[in-house]
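Visitor: So you can see what is in the structure, the chains are spelled out below.
There are 6 protein chains.
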Amino acid sequence: MDEKKLYDYNIDETFDLFLLIKSAIVRVAKNGKKFIAFTFQDKSGQMDGKYWDANEADIEKYQGGTVVKVSGKRELYQGNPQIRLFHMRLTNAGEPDKAEQFIEKAPIKKEDMMEEINETVFEITNANWNRIVRYLLNKYQKEYFQAPAAKRFHHAFYGGLAFHTVSMLRLAKSITAQYEEIDHSLLYAGVILHDLGKVMELTGPVSTEYTLEGNLVGHIVLVDEEITKACQALKINDKIEDVTLLKHMILAHHGKLDFGSPVVPKLREAEILYHIDHLDATINMLNNTLNRTEPGTFSERIFGLDNRSFYKPNTNRLSNEKEEESDTLF
Amino acid sequence: MDEKKLYDYNIDETFDLFLLIKSAIVRVAKNGKKFIAFTFQDKSGQMDGKYWDANEADIEKYQGGTVVKVSGKRELYQGNPQIRLFHMRLTNAGEPDKAEQFIEKAPIKKEDMMEEINETVFEITNANWNRIVRYLLNKYQKEYFQAPAAKRFHHAFYGGLAFHTVSMLRLAKSITAQYEEIDHSLLYAGVILHDLGKVMELTGPVSTEYTLEGNLVGHIVLVDEEITKACQALKINDKIEDVTLLKHMILAHHGKLDFGSPVVPKLREAEILYHIDHLDATINMLNNTLNRTEPGTFSERIFGLDNRSFYKPNTNRLSNEKEEESDTLF
Amino acid sequence: MDEKKLYDYNIDETFDLFLLIKSAIVRVAKNGKKFIAFTFQDKSGQMDGKYWDANEADIEKYQGGTVVKVSGKRELYQGNPQIRLFHMRLTNAGEPDKAEQFIEKAPIKKEDMMEEINETVFEITNANWNRIVRYLLNKYQKEYFQAPAAKRFHHAFYGGLAFHTVSMLRLAKSITAQYEEIDHSLLYAGVILHDLGKVMELTGPVSTEYTLEGNLVGHIVLVDEEITKACQALKINDKIEDVTLLKHMILAHHGKLDFGSPVVPKLREAEILYHIDHLDATINMLNNTLNRTEPGTFSERIFGLDNRSFYKPNTNRLSNEKEEESDTLF
Amino acid sequence: MDEKKLYDYNIDETFDLFLLIKSAIVRVAKNGKKFIAFTFQDKSGQMDGKYWDANEADIEKYQGGTVVKVSGKRELYQGNPQIRLFHMRLTNAGEPDKAEQFIEKAPIKKEDMMEEINETVFEITNANWNRIVRYLLNKYQKEYFQAPAAKRFHHAFYGGLAFHTVSMLRLAKSITAQYEEIDHSLLYAGVILHDLGKVMELTGPVSTEYTLEGNLVGHIVLVDEEITKACQALKINDKIEDVTLLKHMILAHHGKLDFGSPVVPKLREAEILYHIDHLDATINMLNNTLNRTEPGTFSERIFGLDNRSFYKPNTNRLSNEKEEESDTLF
Amino acid sequence: MDEKKLYDYNIDETFDLFLLIKSAIVRVAKNGKKFIAFTFQDKSGQMDGKYWDANEADIEKYQGGTVVKVSGKRELYQGNPQIRLFHMRLTNAGEPDKAEQFIEKAPIKKEDMMEEINETVFEITNANWNRIVRYLLNKYQKEYFQAPAAKRFHHAFYGGLAFHTVSMLRLAKSITAQYEEIDHSLLYAGVILHDLGKVMELTGPVSTEYTLEGNLVGHIVLVDEEITKACQALKINDKIEDVTLLKHMILAHHGKLDFGSPVVPKLREAEILYHIDHLDATINMLNNTLNRTEPGTFSERIFGLDNRSFYKPNTNRLSNEKEEESDTLF
Amino acid sequence: MDEKKLYDYNIDETFDLFLLIKSAIVRVAKNGKKFIAFTFQDKSGQMDGKYWDANEADIEKYQGGTVVKVSGKRELYQGNPQIRLFHMRLTNAGEPDKAEQFIEKAPIKKEDMMEEINETVFEITNANWNRIVRYLLNKYQKEYFQAPAAKRFHHAFYGGLAFHTVSMLRLAKSITAQYEEIDHSLLYAGVILHDLGKVMELTGPVSTEYTLEGNLVGHIVLVDEEITKACQALKINDKIEDVTLLKHMILAHHGKLDFGSPVVPKLREAEILYHIDHLDATINMLNNTLNRTEPGTFSERIFGLDNRSFYKPNTNRLSNEKEEESDTLF
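Protein chains in written order, with UniProt numbering: chain A, 1 to 330; chain B, 1 to 330; chain C, 1 to 330; chain D, 1 to 330; chain E, 1 to 330; chain F, 1 to 330.
It is possible that part of the hints are untrue.
[To be verified] Footprint (simulated), chain B over chain A, 3 or more residues, beta carbon under 8 Å:
id : region
1  : 208-222
2  : 236-248
3  : 261-272
Derived by calculation from the structure, the hints in this document are not laboratory data.
Treat the numbers as computed from the prediction; the structure is a model and nothing was measured.
For glycine and all other residues, C-beta sits at the position ideal for the given N, C-alpha and C.
Can you make the complete structure from the sequences, with help from the hints?
Guide: Right, dumping it as structure tokens:
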């Protein structure tokens, strides 16, 4: 197996790679024949490619979640990377065939994320919040560290939910250190649980889709239900203020009714949670996109940021070396 | 005790009545002295009145929920009815002093509403929905038939929640009779449970206020939690489609994210539930307001209807007698 | 002639059918050659099909409103039904060639709709409204029972306007029976006339398009003009309150300025007319779409319902049989 | 009778004047007594004043539309001019008592406006439009030159409708002279008729209120009805394109659905009519307000201009004398 | 060289012409091969055409700004004019090859526009405004008379900025003549400078694109910077009211925050400038589009006018001859 | 002089204090007499109080910015603190009379803020940004450390601008430490300069009002002008990318056109600057308000946060002590 990954190849370079089919959509071309619009992926990222004149057997064989051997050429189509397919087949025995081997993962190891979350739970000094957070992390331990944080927009990879959470916890800790009035226990508990419902809303990190309850109930209310059940299991009266506050953190974390929260933030910590969530998702989308943009040009439009296109400056200004000649200002 | 009620008196007529203080707000007048802005009520309705130069003892005595004996005159202030207070005192032993005796009630007897809802439950032929509806009606039987449907806008009276529900069930039955594709079991279950959370969101029919969980969680999600707990009590798997559909009915019943639903309707029956709820509330607000409007004039503005003012036609066109001379048209 | 209709064929089944060309749009393919994007229809519904490499003679022959004999195969294209065309010709003498024979019709017979509307007119006890309604129904009797209620969204078929009206009258009657304060004469007159302008706004039930006055004046104002002319013909003073109220019913029936009403509803009956119209159109769109959706899947997006996709539940819950074991609840 | 008018007096100067009561609203003061909030006017403008401790006889006597003799002082209240009332009485025989003598009028004489409109009608070379315009100007000749153009916002004075029309015609002529593609006949006909409905929508120039048909039908549709009736009287087929175009000019002249037009402009001339109307109303509101603003300060907020406050520059820059030293630029 | 221009050819007529490539976008067809989507232009206008099966040499040769010799046929594609390409080559020595020879130009000669602007500058009697306007017109004299007023929407041609300015000045003069309260010096200075920033925001009249500072700073603020620099060069204190007023004219000229102005108009003249700009751009877009529309049909949708489609009336009503028989109206 | 400050007194306690008149607005009471609505302040905060029956001498004497000796009582009016005035006089010689002694100040010393900003400037390693930032901080050194950050909403106190900046720099440093792709030089330069224009937009920390250029140009564009002038002074070409990027940071920092930015963020660092600014202002408003709210109640509405009311939880959950019994989670 070739050690080079998909995005290691240059434009117009040919390759011969094992790739995971992330999605396969059958369409009909203007000439009346069917073709398959593939999205392939390996750990270096995702790339589209079209398979022309597909017959029924092809359609049957090459479905989302399948690993295939692909010969092709990396091209540029309307400014986006694309695969020109030469040949494609299913894998043989002995060849890599596990979807998990091909999907992007969080840039931090699962064990490190677990430890970082674990340490934070110790800082949740309110007993009710501490117990509910522990209970739910235990209940969904496996899924929590596998799930993506979204189907598409941000942190849409294996472990994305946990990575998004860890990243938000770091922001939360900077903020509580700076503004001492904030109830850090409530904020950390809110951060850890706010997107737990993604575990139920989405089908998982491979070929991610919405589940029925994801569609009809939504991840926000699904967490509220989990807190309700946790209280029953832990014999915590779910009508006490502690529980109401924690539920509000999750319910209000989209910040506005229009964004799907059934209530707007009415707690200082709920308002801050909304900001942190928004900020981390924004930076993740910006970095993902600008990493694929040439310096001195504008990026593709980012759907999650009002469809704006961002400019990547020309020269590397990130020298991070001290300017020697500058004097004290005041 | 006088048998005439507050709204039986004409403008500029004096009266001597037992009234319930619905709310009492202390303010400071331009002259620096305190006054109490009262809202009084009896079964005929509510009316405001100001108590000038209030001392601390007055403020202590005359609080929301108290029954008082009031001498005064009915006046008109900027087009709204108002009480000019002459004298006021607490009740003596033997005089009426129960808040319940003074508040507006649903125009149908509790027993009749119970029977009508009961009969409808029989028509919910899906076993899961039937069991959940029964369980929750039993659990909240007392509060369900006392609670108002809102703090202010529509059906804001004792038994208002149940009356609103019964009225919506009648609409729902007309509609399912007319459009046979509708799943009537799902629609009826949705109607019965959709506002059950008002029982927890509001403090009750006297001096109605929002509770903390009403404010921070809201009546929509509170019903979802109740369904979650009902499933646990009834040992119904809360991940089956039946339960997801029923939860969606409640969660989507405000119709739009902007109106506080965390998900928009994605089931035919959920969309219809939203329409029925909106229609019954609208007619209730219109009737309440137009009952207080003179023919040939425009009503006061109705907050719940985009602050519109409605015209009450001049002559009584509701003769409901057949026109004799008309011939068959086609 | 084959008795099976277009939608009686299964996917991938071939057929040989007389069909009506509903619309024929000429486009240019990527290869620079022209093709015709057809929409065919018979009474079972509409289906698209592309005619490749069309020459000028083809374009001339195969225009909207023409009946043709089509050999083809029913296929599925991106989830939507589609015709793969094999052969196509004009009809010969003796073969069916009337557009009317191929278009969808209201599910109720014209005579039954006429009778139902006729009976309702008897219930309009206000003489002025009664006379205006009769006059206009007589004037447009033929068109009223042919016109569709819309070009696309709802009740877009032969007799759709009348069927939509009858359906709304049934809702109106349920509602007036339930809420007695409503002036039923005004509401029924409003229902019958509200969309009469479709008769002028649209070109008719075959190859429906907007007329110039449909575009520049619109069906709402067109009805207002008709009432104005009816008053002149009937020698009714068009400045009396009766006439103003009736005109308002029609002018306000879209409910909001944004939806094209020049005034918002300011009469109870006008507000209710808006709700009834909206509800009947909504249910019609939902039923049309869900009839074409597989159980357990989401429908195509419905443009007239904020582009939402609706879920069709998996199992048949419409058993409508009584549950035997349930006890009285209260 | 004093020849000085209300606005000729300085702040803190006392006066003794005949004034017209434009409106008289009865309110109740904090001390429980009634007062009348008057708006007085003479030809110099309008000013508010409060009449404290009003008894029923006062309320009866001093109603909108009555001329009174007022002794008072001009004051400034929260930046707005106000009358401090000393004494007030009804007029005696022989004293001025006609409302018309006290209301603001258009700054052009009625005869000059008639002549200017008359000349413009000659330029409407399309026979149908010419005849309809003539017919309606004749029909409403008297009211057209008396009516205000609005209840409050702009041109709210005797003859305001005609003056607004004349002012717009001047703009229209500049524009048609500059852009030759415009159909000037259509534009002029549209300008002359666009606000004719104000004649029916409002009660007239004294104590202006909305009529019932103003409220329920609105001035836009009222003109459409008048065109419909004019066609009948003139035996013009109201289905020909000429008539549809003219009706569209009026129906679309508010420019957006949100502003109460039932259709948006779909003719070049309709779009331009909207701009001209908007521009003339804007300049009128700006001039009215800035005439009352001190140089170097911000004006009161203008409701009709998004509640904005405008700055009146400090020094007089309107010298309009040529700068002597400037050379030719290019 | 053929003297006929592109738009002089009829549909389906073949031609052999020198044309300028305005833009050339490389795409990949469904068959996997690249093609170039060209926009060609000469002084008669712009037309699209596709070049199939383009190889790398073609892509290299045929870029935006290049003049080419084209053999082709004018066609109609979905209602829009289009070129069917037969053959295409670069120009030879001696053949026309200057982009400037092929681009649309303002319909007024540069010298006439200069003179008209020059004369207007004399009417700016405020010395500070006069000097700033002169300074900036001198500084950008060349670019000011070349630049387009926009990339696409209106006045998108060589000299478009100056022509748009001249056209607005004519409107401004009509308006100041009619409403005498307006400070004409301020208005004219505002008109002349309002879009000067287009000179920096756009790359120029050939293959117009946004510059980096056009994208990140925008033409509105760029003018403000130029005024700041002009004040420094002319030693005018940029904190005096004169300068603040002039800067406000430019900053507020888009009329609303949503349209990119950092402040809303707070001067009478700024509000009027916004109207004039909007009106001239609107008429320009309408005329451009309706010139290409057949009488009796609706135009293509105009992006800059809320995507509306406009109707071009059937018959020529622009006779501009006096109607003989009409009498004086009043 | 009393060492106790205004907010050290309890409700209903009397006091005798030197206070600064922050603002004094003259109004007319219902009885026709004038009164002055004062806002007083000392370092503990601001409180309103009304001065009844004010004569012209009082109005003359007691204006904004004056220090006075006040005898009064602290009261509660509609939930807000208020002063009941007994007596009031100007200060005598030898008594405190400097406004600066009475206004709220940033909670960090000026010298510490200077040092913190100074150190950050060293980290701006891009020479152009470093020089521009230094130049402008030097130019406005005095005002920068006195100015408030707003007239009302957040950081509305002496030194508020600098404190807001320092607080944002701390957030910026946490974020650049966490997300390494961010250009920290650009972000820090943007933070330091983003609100520098407040120095010109507002009149200063005492009796803060908008200046004319604050109103007509606004603080965003005022900074852009300062960068333009700084480039001229420093002989930096203001057309290079470095300068364009820095200008964009300031211009885009309100995040949306609707919020007054003439361009939306199109640089990663500009988007982040918007988030940091929004977050710091939000926390400042929340803390200010919740500091004045009783535990277990809802706060007053916060204008700058969509007029929302926030709940202050009942019990002190900010124990910040480790929970002893909790075990490691994973």
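Visitor: Which hints, by number, does the structure contradict?
Guide: none
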